[in-house]
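Number of protein chains: 2
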Amino acid sequence: MQTLEKTHPKFSELKHRLTEIDDINAAASLLYWDQATYMPPQGLAARGRQLATLRQLAHEKLTDGAIAQLLDDLDTYAHDLPYDSDERSLLRLSRHLYEQAARVPASFTARLSRHRTECYQAWAQARPENDFALVQPYLEEMLELSQEWASFFPYDHIADPLIDLSDYGMKTEEIRRIFAELRQQLVPLVQAIATQPPLDDRCLHQVYPEAEQIAFGLSLIQQIGYDLSRGRQDKTLHPFMTNFSINDVRITTRVYETDLSQGLFSTIHEMGHALYELGNDPAFEGTPLAGGISSGVHESQSRLWENLVGRSRPFWQHFYPKLQQAFPTQLGTVPMESFYRAINKVAKSLIRTDADEVTYNLHVMIRFDLEVAMLEGKLAIKDLPEAWNERYRSDLGIVPDSDRNGVLQDVHWYSGRIGGMFQGYTLGNLMSAQFFEAAIAAHPGIPTQIATGQFETLHQWLRTNIYQHGRKYTAAELLLRVTGQSLNPAPLMAYLSRKYGDLYAL
Amino acid sequence: MQTLEKTHPKFSELKHRLTEIDDINAAASLLYWDQATYMPPQGLAARGRQLATLRQLAHEKLTDGAIAQLLDDLDTYAHDLPYDSDERSLLRLSRHLYEQAARVPASFTARLSRHRTECYQAWAQARPENDFALVQPYLEEMLELSQEWASFFPYDHIADPLIDLSDYGMKTEEIRRIFAELRQQLVPLVQAIATQPPLDDRCLHQVYPEAEQIAFGLSLIQQIGYDLSRGRQDKTLHPFMTNFSINDVRITTRVYETDLSQGLFSTIHEMGHALYELGNDPAFEGTPLAGGISSGVHESQSRLWENLVGRSRPFWQHFYPKLQQAFPTQLGTVPMESFYRAINKVAKSLIRTDADEVTYNLHVMIRFDLEVAMLEGKLAIKDLPEAWNERYRSDLGIVPDSDRNGVLQDVHWYSGRIGGMFQGYTLGNLMSAQFFEAAIAAHPGIPTQIATGQFETLHQWLRTNIYQHGRKYTAAELLLRVTGQSLNPAPLMAYLSRKYGDLYAL
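Chains A and B supply the protein sequences, listed in that same order.
According to numbering that gives the first Met the number 0, the first sequence is numbered sequentially starting from 0.
According to numbering that gives the first Met the number 0, the second sequence is numbered sequentially starting from 0.
Possibly wrong hints are sitting among the right ones.
Heads up, simulated DSS-like pairs for lysine-lysine below, C-alpha to C-alpha not over 25 Å straight-line [what the hints assert, rightly or not]:
no.	chain 1	residue 1	chain 2	residue 2
1	A	K14	B	K60
2	B	K377	A	K60
3	B	K170	B	K344
4	B	K321	B	K381
5	A	K60	B	K170
6	B	K234	A	K234
7	A	K381	A	K344
8	A	K321	A	K347
9	A	K60	A	K9
10	A	K347	A	K498
11	B	K347	B	K234
12	A	K498	A	K344
Hints listed in this document are in silico derivations from the structure and should not be mistaken for laboratory results.
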C-alpha cells in the first residue's frame, strides 16, 4: 500500500486509526483466548468487564466522526484507483464496516450486550435442566432485539441485514433458492444411504489417551503446513481459532478419550481456519483487510481441509500407518479401509456438531428456515420447540428425545442473535467443493501428492487464490474470480454422490 | 465505597472512567504476560505495536480534561470525608496519578517510548558481546531523557521526581541518609563474615529435574496460601508477578537444573508479591486503589516471604522433609542444618540478582549512588563502567571481570530510565524486617507455627495490616500505621546480625 500513502496523508491517517482499532480488537481477542485457556476461574467477573470495555472502545473508535470524514475526503481519490487495488479495497471495506457499526445506536449496542449475557446465562442453566420455558422470555427479547437491529438498515428481507453481519452480500432469497436446490438432491441421497447397512465405526470408540491424541494431531497439522512459530494449539471446552496478528493465529482443540474422530477432525478443521488467516498478504497486517471475508468462506477453508482432504482415502493412505504407530493396540490390526469407512459413517442424528458431511447441511437448513420464520413473525418463540421437532421428523426422520438435544443444543441464538447465525456453515460446505474442484482442475496431481503426504501444491494454490486476499473481495466476487462460477450446489453434490455412492454401494 | 457514590454522581462518573483505564491496563498486562509465556515467536512485531497502542490509550484517558474537571469538582466533597476513607483515598490517589501523567507532554512520552525500545535493543546486543561502547550513545540519550522527564516536575533534587514514579513520597536526601546509616553497619558485618570459613552450598548444585522443581515449588506456595483459583504459575525467562484483577494475580518462575535455590526462592519471592495484591480489599477492584503502593512496599512483601520466612530455620523444619521426599537421591542424606546453611551462604559476588541477603543491599546502593551522580551531571556515561568497577572494588572488594558482569548486567537503565530504578529493593528489605518484627510482636507464636507448616496467622496479619489497604496510604504512612516507626535500618540489621552471627559464629 505504498502509492496512496505517499500521495495522500489522509490515507495514512485513516490507516493509523484503523490499526489502533485493530490493536484494541486483538487485545480483546487475547482476553477471550486467555479466558478459554488459562485464566484462573475467579478471574471471570473482571474479565467480562474488561472485554466489554475494549469492545465498546473499538466501537467508539470505529464510529468516530473523524473516520467518516476521512472516508468522505478520500472518496474521489478512491475512484481513480483500480477496483481491486489494496488501497481502494481498504477504503471500500472500511466504509462498509463503518456503516455497519455507525447505523446502530450506542444505546442499542449496550442493551444488546447486556441481554446477551443474561440470555446466555439463562440458556446455560436451561440446557442441562432441559427447561426451555426458563429461557423462553429471554429468547423472546432476543428476537425483538434482532428485529430492532435489522430495522437500522434498509432491506428487502428482514433477515438480510443480520445475514450481512456474517456473510456480507448474501440475501435471504438467494440462500433460500440455493438451499432448496441442495435439499432436493440431498434428501434422496440421505434416503438411499439409509436403506443400506450402516458402516461400522467401533474402531474409533476404543480408549485413546488424551496426550497421545493431542501429540498426533499436532504432528499432523504441522506436516500439512501449520507453523508453530506463527501459531499454537491449546485445550478448550469448545475448539476455536483466533488471531492476534497475521503472524499469530492460534487454534484450540478438545479431545474425547473414547471418540478418536472428535479431536482429530476438529483439529484439522481449526487448522483450516488458521491457514486461511496465516496466508493473508503480510501488507494487510493491522488493517481490516486481514482476516477472512465471511463465515461462509471461512468455513469453506476449514471444511475443505477437514472433509475433502481430511476424510479422503489418499489422506489416510499417508497418515494411517502413522496413526497405527501412535495407537498400535487400538488400530494395529484394523485395516485402513475399515478406518476410512468408520470416519465416513453417515447417520441420522440429533446433534449438528456431531453430524457427518452428508446430513450436516440438513441440520443447518432447519435452523436457517426457523430463524427466518421467527424474524418474519411467522413463528412465535413459544412454538419453536415444536417447530424444531417437527422439522427433525420431516427432514431427518427422527425426533429429539428432549429440548436439550433439540432446540437448546446450539448456543448461537441464546448468545448472539436470531438471524444470520447458521447459513455460513452450509455456504462453506458448498464453496469448499467448488474451490477444491478448481484446485484439482488446476493441479490434477493434488490427490496423488496428498497420498504421499505432500500438501504444498494445494496449500500454495489456496494461498494464491484465496488466503492472500483476506477481506479484499466479497465471497461472491472471490468465488467468481477463483472458480468462474457463482454459488452452486453441483460440485458438493457430485462429490458427496461419488464418495458415498462408493462407500454405501449405491 | 457506598456513601459518596450514592450522594455524588460525579464520583460514580470518575470511578467509571478509572475502571475503563484499569481495564485497558489489564489488557496491556495480559498482552505482556502472553508475550512472556505462550506467544509464538513471530507474533512479536504486532505485539509491540499493540502494547504501545493500549498504553497510549490508557495515558490519553487518564490525562483527559474530564478527569481533571471531575477531580476539581469533587475537591470540596473530598475535604468533608475522613482522610483514610476509601472515597477520599481514591480521590487523593487519582489526583496524584493524574498529575504524574498530565505534566508529561504526549510528545515526550512517545519519544521516550521509542528510545526505550532502541536502547533496549542496543543493550540486548551489547551485553552478550560485552561491548559497552555500542550502547553508550543510547544510554547518554536515556540520561538526557531522564533529566528532561524530571524537569516537568518541581523538585528539591533532580532524582526526586523519578524516585516518585516508583516510591511515591521518597526523597533523594532521605534515601541517602538511610542508606549511609545502613551501610555503616552492613560493611563491618560483611567483613566479619569474610574472615570466616565459607559455608558449603554444594548440595544445591546437584541435578534437580525441572518438572520436579516446579511441582515442589507449586505445592509449597499453595500450602502457604497461594490460591490457584485466583492465580497460576507459568515459566518465563525472567520471573515476574502480574495481575489482571484482584482475583487473577499470576506469577511466573524459572528453574535451573543445577541450582535448586534459584527456582525455589524466586517462586517464594513472586508469591509474596502476589499475596499482597490478592489480599487487596475486594471493593478496590477496577480502581487505582488496587495493587501495591510502591516498589519498596511491594518488595518488602516478596522479601519477607522469600528471606525472613523462606530462608529461616522454622520454615525448613516443616518443608525440608518434604523436599527430601521430592529429591531423595539428591538430599536424602543431607541433614537439614546443612541445607539451611547452604541456602544462607554469604559471598561477595558480581551479580545483584544472585546476591545473598547480606550483601544484596551493597549492590543496590552502588546503583543508587551512580544513577544519582549521573542525573546530577557529576558522572558522565563514558566514565560509568570505570565508576561501576571502582565501587565494586571499594564496597565488595571484587572487580567485575567484564562489563557484561558489571555495568551491563541490569536491564533497568537501558529499558526504563536513569533514576529511581533501584532504591526500592533496599527500601523493601528494610521494611520487610520492620513489618516482620511488628507481626512477631503482635503474634509471638508465628515462628513456632511456621515450623509446623501453619502460615495463616502471619498471612492474616499481613492482609489486615498491609495487603487490604492496597494503594490507600503512602509507604511512609503505612509503615507508621503498622509499626509505629518511620523507615529504620535497625530491625534489618538486628535480624541479619542475629542470623549470620549464628551461622558464621561471629
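Going through the hints against the structure:
A hinted pair counts as satisfied when its Cα atoms are at most 25 Å apart, and K14 of chain A with K60 of chain B qualifies at roughly 22 Å. A hinted pair counts as satisfied when its Cα atoms are at most 25 Å apart, and K377 of chain B with K60 of chain A does not qualify at roughly 48 Å. The suggested pairing of K170 of chain B with K344 of chain B is violated, with an alpha-carbon distance near 33 Å, which exceeds 25 Å. Using a Cα cut-off of 25 Å, the hinted pair K321 of chain B and K381 of chain B is violated, with the two alpha carbons roughly 51 Å apart.
Annotation: proposed proximity of K60 of chain A to K170 of chain B is violated, straight-line Cα distance about 41 Å (limit 25 Å). Between K234 of chain B and K234 of chain A, the direct Cα distance comes to roughly 18 Å. Compliance with the 25 Å bound is thereby established for this hinted pair. Taken as a hint, the K381 of chain A and K344 of chain A pair is broken in the structure, with Cα atoms around 35 Å apart against an allowance of 25 Å. Our distance criterion of 25 Å between C-alpha atoms is broken by K321 of chain A and K347 of chain A, whose separation comes to about 31 Å.
About 16 Å separates the Cα atoms of K60 of chain A and K9 of chain A, which keeps this hinted pair within 25 Å; it holds. Of the supplied pair hints, the one linking K347 of chain A and K498 of chain A holds, its CA atoms being roughly 18 Å apart against a limit of 25 Å. Between the alpha carbons of K347 of chain B and K234 of chain B the distance comes to roughly 29 Å, so the proposed pair goes past 25 Å and is violated. Taking the CA atoms of K498 of chain A and K344 of chain A, the gap is near 12 Å; set against the 25 Å cutoff, the hint holds.
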